[in-house]
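K.L.:
Starting from the structure of chain A, add chains B, C and D with the ligands where the hints point.
Residue numbers (this note's numbering), protein chains in the order written: chain A, 1 to 141; chain B, 1 to 141; chain C, 1 to 409; chain D, 1 to 409.
These are calculated hints, taken from the structure and not from any lab test. Misleading hints may appear alongside valid ones.
Calculated Cβ distances over 10 angstroms to all of chain A for the following chain C residues [stated by the list, open to error]:
1. Gln66
2. Ile244
3. Gly324
Listed below are several chain C residues computed to face chain A (Cβ distance under 8 angstroms; list not exhaustive) [what the hints assert, rightly or not]:
4. His22
5. His346
6. Tyr348
7. Asp349
8. Thr352
9. Leu353
10. Met407
Just so you know, even glycine gets a beta-carbon here, dropped at the ideal spot from N, CA and C.
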Amino acid sequence: MNAELQTRQEEIVEEFSFYEDWMEKYEQLIEMGKELDALPEQSRLDEHLIRGCQSRVWLLASKDENESVRFQADSDAIITKGLVALMVRVLDGLPPKDIAESDLWFIEKIGLDKHLSPTRANGLNSMVLQMKRYGVAFQAR
Amino acid sequence: MNAELQTRQEEIVEEFSFYEDWMEKYEQLIEMGKELDALPEQSRLDEHLIRGCQSRVWLLASKDENESVRFQADSDAIITKGLVALMVRVLDGLPPKDIAESDLWFIEKIGLDKHLSPTRANGLNSMVLQMKRYGVAFQAR
Amino acid sequence: MSSVLDTASIRGQFPILNREVHGQPLVYLDHAASSQKPIAVIEAQREYLSHYHSNVHRGVHALSQQATDAFERARSTVQYHIGAAHLEEIIWVAGATDGINLVSQAWGREHIEAGDLILITRMEHHANIVPWQMLAKEKGAKVEAVNILADGTLDEKDFQKKLKLNPKMVAFMHVSNTLGTINDAQRLTKMAKAARATVLIDGSQALPHMMVDVAELDCDFYVFSGHKAYGPTGIGVLYGRKSILEAMNPWRGGGEMIDVVSLEHGTTYAELPHKFEAGTPHISGAVALGVALQWLTGVGVKSVMEHETVLSAQARHQLGKIDGLRFIGEAPSISGVVSFVVEGVHPYDIGTLLDQQGIAVRTGHHCTQPIMDHYEIPGTVRASFGAYNTLQEVDALVQGVERALKMLR
Amino acid sequence: MSSVLDTASIRGQFPILNREVHGQPLVYLDHAASSQKPIAVIEAQREYLSHYHSNVHRGVHALSQQATDAFERARSTVQYHIGAAHLEEIIWVAGATDGINLVSQAWGREHIEAGDLILITRMEHHANIVPWQMLAKEKGAKVEAVNILADGTLDEKDFQKKLKLNPKMVAFMHVSNTLGTINDAQRLTKMAKAARATVLIDGSQALPHMMVDVAELDCDFYVFSGHKAYGPTGIGVLYGRKSILEAMNPWRGGGEMIDVVSLEHGTTYAELPHKFEAGTPHISGAVALGVALQWLTGVGVKSVMEHETVLSAQARHQLGKIDGLRFIGEAPSISGVVSFVVEGVHPYDIGTLLDQQGIAVRTGHHCTQPIMDHYEIPGTVRASFGAYNTLQEVDALVQGVERALKMLR
Ligand SMILES: Cc1ncc(COP(=O)(O)O)c(C=O)c1O
Ligand SMILES: Cc1ncc(COP(=O)(O)O)c(C=O)c1O
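Isolated chain A (complex conformation) (with noise of 0.2 angstroms):
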């Protein structure tokens, strides 16, 4: 597996290990949320929300000059852009393939599996999804 994606990974939980109860966790996540830079207008189009959140989600995918899948992401709900933020942390820059076979296993390890349902109203799931479909898709190009 991509050794950038590990390392990534292991910050994070290193960084939730420090919260004990929700409140924390959550406080994290919105601030992750309110650091990720929003979209411009004219890229908050319906063709790049993701399905299955209550709140909107937009994602941009595009591949920069070394192959690599930059990310873009918004939501108008906080928690939601932060987790959003917080995949994008984790996958932005990577090359395709390894995004399209990423073991995201740092979810589980701090506490968000429960919110990967896919019918959980915050859409993580489709967030994974359609990440992961974007490296599928830009290495078949």
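P.N.:
Below, chains B, C and D with the ligands alone, put in the same frame as chain A:
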């Protein structure tokens, strides 16, 4: 209430009081069914059928020279035929008004009341209703 | 403020209220989505399945007769509960949605023609919108919606105006699941009937909270779901005026709803109510719904409504002090539903942080997207109360919202 | 003859089997009308309602998520149980009747045109006749029925012949509830597909008794009811081939089945499976049906079938000695259903006297009037077996019939 109707009900209650278990009661009903004359084929018309019976029950009524109601009945199931025979025995030959207003307390007394629910497959409830309807109809004319 | 209900004793009857969520005692404020069930209802279903289950109707054996008796007794419990004139006006359906679809398809296909108008309101639940849209599309008919005023009351002038267009069907909700608005269903029905429309009332949010009398309302159809009225899932009721039901074709075909089935001579249908009840019914659900209505009557529907009014008034009073908080739905006549948004904060975020505190509210459009369009909001946070809720829970809600907002802004 | 099942242990799991009827221990031989429920199923429903009931989907709070998880887990239990390729091919319906109506109305209205042929068989349950008759009447299409042979097997020659008429839909039962006939569903489907028909199989009497694999069958639709498969009432399953379901319009409109609802711009629908699940589903029913299928798998469907075959063979062996008794349905491949008539005696009379002895059988047409027409009989007495029945109960049945006949003739 019609004195004859009272007497007939008392007689039946008396008769059934000899039977201890269900088997004897049903044997008696079957006996009564066998004793009731079959209707001639040409009277077994669909228009005389009573709704709500799993077996078919035909019931005909007419008024005789004394303005009394005369019933004829038949069924293709023998227990049902016994039930209708019992009803005929109680109500046959009475004035329409007394039939329309009859209180058929013997049914409960001999333990047949659980068969009276409109949802029962035997249609006892429909028989009683139909006989009373004839009573009402003949009164009106 | 003291309560008209002995909530301690009531709460004792709801096993789920003993549980914790995220390590916090459960504060269940999502009654409008689905009510919790008292032991009496849960046990009625268990008892039925354990001791006298059998398929109903036409069965020659004792179990079948017992099941049929219980099933039909439940029907008459419903009849008396809503004041229907005839037992056979009570049709078991799977829920309010199923009931409205039955009417839109069985009645609608026969009576709605190209160019006809179906009048609904802008506050309807999707269940009372989509079936009419589907029908209108099929028939080339039109669906129009009566406006709502800023406070969430129905715009009666607009209603009057649109009635002049001679709608064939007027379908509206008795009580709004999002706004809390209690419509004057009797008045609206009278106006609609004066315009010679057929009237369907969606009573999903009314029946669990107030006395409903279909004779007084004088509507043609009335529907509700069992699961919102302390009853089980999968069962609901369609009341229909006898003369209309009798003239209607059946919707679902199958067993129970037939008189004679013949491959050569065609099929004739059974009488009411069975004509509309094809297949094996949800027997245990019907039996338990009967028990739920009896339970509600035992507690006292009027007291329940008074109790819920006290709770929602208190919630509105306290939440109203929060900076940037705006209620969606402030009709003068209002039920135990409190919907709100907070300036600059997404409802989903509030809901998520309330959940972490053990407080269950619903967020989103509550299956009423046209209301969201009307107020130009993505959704609301909705707290809704039932007989088992308390003033302490209102406090918990208010503190929970405050705590969430502290984190969010 | 010894049994492959530990019936003592199985019976211990069915509380109803402890009860008496008319002072006699209950002998329940009416499985084909509705099965009794094991404690695991009854408790799953109670547990759900007592501890984690909430409305499903889109809920932000923990209870709603738990309920949704349980509900969707049950869907995947069904998926694996019947070998469906995709989770979203499993649609919750109210029962087999509801499922067939969904197909006849949603698929049927789109695909059946005037002059088209719908092919069924003469042994179908009314649930698989009437919806097609209603559709045919609406569209000016035709319903034809494949003949049955004297022993109750399907006349495959007639099937072949009628397939030449190019039916658009071929709908047939997997196992007959009246005759016991087990149709070779895989073969019939293959033949029908070769004739380019869409194929619906009514599996109501198959699923509780044998391994069902929709991938192997290669049918387009498969339906069954929960209450006949040790599950609760009010819930059933429609399996549909994904490509067909995706192309189909929805049937019921309402909440859950929509994507966007707009009064101005119209409404778009949700993806599978929710497109076909309007309104609050029968959550507790789905959860408990999942448990019922797991229970059945635990006992072993194959063993259950073997067991039932032993019982019905024994019943046929012993009843066959009775003077004037004639079996209706003697196909070589036959399930645990034994239907018979007795010369000169009405089935109702036999059923009534069996009931007095505590023996529950069904009498009448069993919602298959065309079979009655075919054999020119008013009805049959039908004993049907499940996992909990025993050889002793077969003896009780035979003695009961003998005793009844002694009284009747
Ligand atoms: C073969 C068959 N098909 C369909 C049905 C209808 O099932 P339900 O009444 O549960 O909808 C039955 C049950 O009576 C049946 O035996
Ligand atoms: C006002 C209203 N109508 C209809 C419905 C639909 O009820 P169900 O989902 O039980 O069919 C609901 C419940 O969500 C409702 O609140």
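K.L.:
Beyond 10 angstroms on every Cβ pair: is that true for glycine 324 of chain C relative to chain A?
P.N.:
About 15 angstroms separates glycine 324 of chain C from the closest Cβ of chain A, which puts it past 10 angstroms; holds.
K.L.:
Taking C-beta pairs only, is glutamine 66 of chain C more than 10 angstroms away from all of chain A?
P.N.:
Non-interface label stands for glutamine 66 of chain C: nearest chain A Cβ at 39 angstroms, farther than 10 angstroms.
K.L.:
Holds or violated: leucine 353 of chain C as interface residue toward chain A, Cβ cutoff 8 angstroms?
P.N.:
Holds: closest Cβ of chain A sits about 6 angstroms from leucine 353 of chain C, inside 8 angstroms.
K.L.:
With a cut-off of 8 angstroms on the beta carbons, see whether aspartate 349 of chain C makes it to chain A.
P.N.:
With Cβ-Cβ at 5 angstroms, under 8 angstroms, it holds.
K.L.:
Closer than 8 angstroms between Cβ atoms is the bar; does histidine 346 of chain C clear it against chain A? Give me holds or violated.
P.N.:
holds, 4 angstroms
K.L.:
Using 8 angstroms as the Cβ threshold, decide whether threonine 352 of chain C counts as touching chain A.
P.N.:
holds, 5 angstroms
K.L.:
With a cut-off of 8 angstroms, does the beta carbon of methionine 407 of chain C approach a beta carbon of chain A closely enough for the hint to hold?
P.N.:
holds, 6 angstroms
K.L.:
Beyond 10 angstroms from every chain A Cβ: check whether that's true for isoleucine 244 of chain C.
P.N.:
holds, 40 angstroms
K.L.:
Hint check: is the beta carbon of tyrosine 348 of chain C less than 8 angstroms from a beta carbon of chain A?
P.N.:
holds, 4 angstroms
K.L.:
Given histidine 22 of chain C as an interface hint, is its Cβ closer than 8 angstroms to any Cβ of chain A?
P.N.:
holds, 7 angstroms
Violated hints: none; the structure is consistent with every hint.
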